[in-house]
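Those protein sequence lines, which keep their order, are chains B and S.
Take the first sequence: its position 86, counted from the start at 1, is 86 in my numbering, and no numbers get skipped.
If you count the second sequence from 1, you need to add 1000 to reach my numbering.
It is possible that some hints are incorrect.
Partner residues are not named here, just some residues of chain S that face chain B (Cβ under 7 Å, in silico) [as the list claims (entries may be wrong)]:
id, residue
1, Glu1079
2, Ala1083
3, Ile1114
4, His1118
5, Gly1129
6, Glu1133
Calculated from the structure, these hints are not laboratory results.
For glycine and all other residues, C-beta sits at the position ideal for the given N, C-alpha and C.
Letter by letter, the chains look like this.
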Amino acid sequence: MKLAYYPGCSLEATAKEYGSSVRSVCKALDVDLVEIPDWTCCGATSAHATNHRLAVGLPALTIKQMQAMDLDCVVPCSACFNRLKTAEYNMTNDAAVRQEMEKLLNFKYDGKPRVYDLLAYMVEKIGLPAITKKVQKPLKNLKIACYYGCLSVRPAEITGIDSTENPMQMDKLVKALGATPVNWSYKVECCGAGHSVAKSAMVTNLSGRILAKAREAGADLVVNSCPLCQTNLEMRRPPGEDMPVFFFTELMGLAFGISEAGNWLNKHLVDPSKVLSAIQAG
Amino acid sequence: MYIITEGGPKALDLNFTKEVKQRSGQEIELCFQCQKCASGCPIAEYGEIDTNQVLRMIQFGLKDELLKSKAIWVCVGCETCGARCPNGIRIAAVMDALREMAIEQGITPGEKDINLFHQCFLDSVKSHGRAHESTMLIRYKLKSGHLMEDVGVGLKMFLKGKLALFPHSVPSKTEVKRIFEWARKK
Chain B
1 MKLAYYPGCS LEATAKEYGS SVRSVCKALD VDLVEIPDWT CCGATSAHAT
51 NHRLAVGLPA LTIKQMQAMD LDCVVPCSAC FNRLKTAEYN MTNDAAVRQE
101 MEKLLNFKYD GKPRVYDLLA YMVEKIGLPA ITKKVQKPLK NLKIACYYGC
151 LSVRPAEITG IDSTENPMQM DKLVKALGAT PVNWSYKVEC CGAGHSVAKS
201 AMVTNLSGRI LAKAREAGAD LVVNSCPLCQ TNLEMRRPPG EDMPVFFFTE
251 LMGLAFGISE AGNWLNKHLV DPSKVLSAIQ AG
Chain S
1001 MYIITEGGPK ALDLNFTKEV KQRSGQEIEL CFQCQKCASG CPIAEYGEID
1051 TNQVLRMIQF GLKDELLKSK AIWVCVGCET CGARCPNGIR IAAVMDALRE
1101 MAIEQGITPG EKDINLFHQC FLDSVKSHGR AHESTMLIRY KLKSGHLMED
1151 VGVGLKMFLK GKLALFPHSV PSKTEVKRIF EWARKK
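Sequences are here, hints too, so could you generate the full structure?
What follows is the structure in structure tokens.
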């Protein structure tokens, strides 16, 4: 299977381990990722928070490049997915926006939806049976809190999620890897997102609460799909909190027995070794 | 029409109400103050106005109070409020519209550092076509004066190879610059 690939800025910097694990896991699943050759930033929160034109213009440029490739495009970062999908949604449903983008970027938009959240694509299109088939080391000793955050989930009319309060895609994936997803009520709470630098105390409070609730539910670790959530949950946690946080692709890599998984985990700011020994013991 | 505020009677600015509706595309008059938005808001304790009050104040045309508020800046845009609104008002889109109006009107942001961070982030995207965290953070530190905050964690990230030293410039950055110029013209 061939897919267009939009890594986004974080996967080449603060979330390098996400980028490497996405590539390895896709290779293991026989998914050929073709990186959009000249992709640009989606504008993230800063664009829509301050200028609505920038918030559509920046992702529309990438959609133009995607259209030239004529492939479904997977986006691992929840924030990039949300911005690209919102631009696609606006261009499809609002003729004025579409015409403005076509004029600005000198192309004709074909209206074909191409932007997919990588996690949703894995579960719904590649499918759990194909994933289960690759599992060599089931993660059977692990209880996992699946943390979805905001941007892969809301608003539902744009993301196409099954439920904005209790989404289940990641839970199903984790189960297919042999682990046990826990029931908890903070899976779609916000970590503080883009305020990490300017309002760090606030983000520590929000992120700390999420980790504490995961612990209360009996989880050994938290799994997520957003580079900013990962950074906040690792970097902006209260002192003494040692709950490890993983990207879902890292867990897939461990379950698939991919040897370079150790290199990804070395990049974590919070030591995941306790979790790793539980897997090895299993 | 007038409304009695803490500062005395104030004329309702219904043009403001109309403009926020237009810019956000949201039916603000549908809000009947059930407070579901505010009760689920993760940052309610950090702003001085609750989410449902923001909608009420727009209905009343209280422009200055809103555009100068902290509340519009501390909003994280998590969309929890809109997902739970029984009348389908996307309040995050309303918050976006309010911030944009405050910027256009040159109003000093109620939370300076947050707006400064957004501007440093976007400057980085404008220069390189992609966000470059190291130069963006240095620029933010210099401009905000919070020089020593996060030095330890920054060093840790750097040693883990998570902060790229040099920006990655893409050929289509010229198109990105053009998008910025188009977006920022009035």
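Tested hints:
no.	hint	result
1	Glu1079	4 Å, holds
2	Ala1083	4 Å, holds
3	Ile1114	5 Å, holds
4	His1118	4 Å, holds
5	Gly1129	5 Å, holds
6	Glu1133	5 Å, holds
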